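S.K.: Which chain is which? The protein sequence lines are A and B, in order. Going by this note's numbering, the first residue of the first sequence is number 1, and it counts up by one from there. Going by this note's numbering, the first residue of the second sequence is number 1, and it counts up by one from there.
Hints in this document: simulated from the structure, not taken from any laboratory. This structure is a prediction, so every number in the text was calculated from the model and none was measured. Errors might be hidden in some of the hints.
Said to hold, decoys possible - A few chain A residues facing chain B, derived, Cβ under 8 angstroms:
1) Arg14
2) Leu250
3) His311
4) Ala329
5) Pro331
Stated by the list, open to error - Listed next, the stretches of chain B that the computed footprint assigns to chain A, with coverage defined by at least 3 CB atoms under 8 angstroms from CB atoms of chain A:
6) 182-192
7) 261-270
Glycine residues also receive a C-beta, built at the ideal position from the N, C-alpha and C atoms.
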Amino acid sequence: MEDMSAIVLEQADRLFAQHIDKKVLSAADAGHWPDAPWRAVEDAGLPLALVPEMKGGAGLAPDVGANLIRRSAFHSVPLPLAETMIANALWTDAGGDVIAGAVTLAPVNPQDRITIVSGAAGTTLQGIARHVAWGQQAPTALVLAHDANGKAFLCRVSTAKARSNKMRRNVAYEPREDVDFGGVQLAASDVLPAPASLGADGLMPFGAAIRVQQMIGGMERCMDYALSYANERVQFGRPIAKFQAIQHMLAIAAGHFAAASAAGDALTESPRLGDDALAVAIAKSRCGESAGQVAALCHQVHGAMGFTQEHPLHYATRRLWSWRDEWGAEPWWQDKIGRIICAQGGEGLWPLLVDRPAAVGAA
Amino acid sequence: MRAFRFESLTLPPEADEMRRKVRAFLKEERDNGRYAAHRTSWSTFDPEFSKRAAKAGFIGMTWPKRYGGGEYSNLQRFVVTEEMLAAGAPGGAHWIADRQSGPQILKHGSERARELILPRIAAGECYFGIGMSEPDSGSDLAAARTKADKVEGGWLINGTKIWTSNAHRVHYLIVLARTEPPSDNRHAGLSQFIVDTGSEGIEIRPIMNLSGGHEFNEVFFKNCFVPDDMMIGKPGEGWTRVTGELAFERAGPDRFMSDVRLLVELVDKIGREPNERQAVEIGRLAAHFATLRRMSSSIAGLLERGESPVTEAALVKDVGTAFEREVPEAVRKLLPVEASLDDDDEYSQAMAHVLLHAPSFTIRGGTPEILRGMIARGLGLR
């Protein structure tokens, strides 16, 4: 089983390396959908990696799925691959069939709420979801909507039917559009009661779990660039890696990277990456903090060269700066952790962190 | 960047069972008022506590039964260690002996040393200090000048050790000394000795620390005799032995949990309804804490498998002690307190205790400056 996982990851890694180069990345930066890479990942079955085999997917274990997302982020794959993986896992969990093509998730902001209304005119959606990943280019959105009674539904929505007038990108120039689902008509087969795995925070833990794994992959890339550069760049007659100041910066960055990875590993102990809301809160908080530090330290090591289009470092760091703020920035998750701890009292702090999995479900 | 190994660890059922056992013991200790967690930590020296902990089977846990041990796994010991830390237990008397001196003797000591010393450590009656630093040799341990000269049946030690915690109240020190003159190979010619603090030729001068406590000492050796079988390993192996000992010293959860009780007191003082700033910062600190705990348990897993994760331990200690130093700085802004050891208020006392000990967190067991050099070597930068 372990060997199989290693093969899957190695193949995916090779596929990403083969299809994602500077040309693809700069075209994606300019707003072009990378069609050939998408077809390659689809041919390889990666969008269905987390769907159980009996439902037509690859049924990869959570840790393999997490590593797959890390590798895609290591290569800055400019596609909603992780979103599609999670969307298919949730939709099939709710009882639906796998969805062909790229699938995005909405809403992605805790403040945004989509409502579902059933009446004489059929079933329609209301509401705007802001900053949806590839909100125009992904053909399908998996939308979490609530009815008037607060009951939650997952809806399969063709994005062609929704309105999104303005191109909007995060600082990695990945599409993050405001999508107005108002008046979108749904067929009965496009609406399913939300699975039990979606708790009070809806899609938030699942989206955050994706960004956690992506940040880890992105940080690994930054570290690789910085370690190579430090060993190659000669100043004052020796590689800058030989200077203690540089060594200490990279040692600190390595500590942040190791901590982020450990926090992200915790999510792979649940059946689905977003199941354990407290572990997600801890990981999104810790990884977000690490991401900022690692990006800053690795840029500093690269000097002016890192601040150019020529060096690829920016593909990784601009993603880190985007991802740490998406699906809830650190304070949003920290606030949840803090309130859970205070509700239990001081003596509850240690058992809360140690006696898992009893402590699940950020309120 | 795949330089370091931090795999997830799943604790076996016997470790969970051990957790229940040690929690029951610690609850009983505190319910009976035998120690006050808000002003103690793992460096608090309390021989009576150590004896009770030993009686309950929590010292020398992994050692063979014939040396008084419990033959438990490293993971069972890990659980006991972290529970002691979480409860602020005053384990300072036995901590060093249990954590590093005992394992060092078990692994590399003579049979007589094992038989003489290990059962007494496991009984909570025999304590150790660390004889590494010297007045001119701190972080640069290989510069040690204390020397041991061969005589009939043993060695004569001459020189000075400093920052020797608890030298005045422990039974033995493990002393690093030069058994050959310095050469081009700085790491050659060093050896480790178990030195009885009651021996002739030892003089101990107290050095008060900044909190006013007496832990530090300067220890002078003048023709202090140590028998042959109190050498650890063979002559000239000292550098290997001392780096191995430091791996025990750096690997554990004691490197990020020294001030966890301050967090506990803070949460109690804030109550069930924190304001937003308090909730966010407590959440941030808890995320660091939970993550360090994962990293440290992963090292315990590597140790259990017989590996020697020296660089990973250095990394966890660097990240962990940075966290320990940050805790009081963050906490004081969440709930203002003019800390005092004399206040009745437990939060105020806990803050005072931490402030007065925090500078040592990033010195003892290797400074971040030394650790980062080790990490950089692991990253291929040196």
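S.K.: Now, for every hint given, state plainly whether the structure supports it.
M.R.: Hint-by-hint comparison with the structure:
1. At its closest, the beta carbon of Arg14 (chain A) sits 17 angstroms from a beta carbon of chain B; the interface hint therefore is violated under the 8 angstroms criterion.
2. Proximity of Leu250 (chain A) to chain B holds as hinted, the smallest CB-CB distance being about 6 angstroms (cut-off 8 angstroms).
3. At its closest, the beta carbon of His311 (chain A) sits 17 angstroms from a beta carbon of chain B; the interface hint therefore is violated under the 8 angstroms criterion.
4. Interface restraint check for Ala329 (chain A): the shortest CB-CB distance to chain B comes to about 11 angstroms, outside 8 angstroms, so the restraint is violated.
5. At a threshold of 8 angstroms, the smallest CB-CB gap from Pro331 (chain A) to chain B is about 5 angstroms, leaving the interface hint in force.
6. Here's how the region 182-192 of chain B fares: 0 of its residues keep a CB closer than 8 angstroms to some CB of chain A, so the rule of at least three is not met and the hint is violated.
7. Remark: the region 261-270 of chain B is confirmed as covered by chain A, as 7 of its residues place a Cβ nearer than 8 angstroms to a Cβ of that chain, reaching the required three.
The earlier numbered hints that this structure contradicts are 1, 3, 4, 6.
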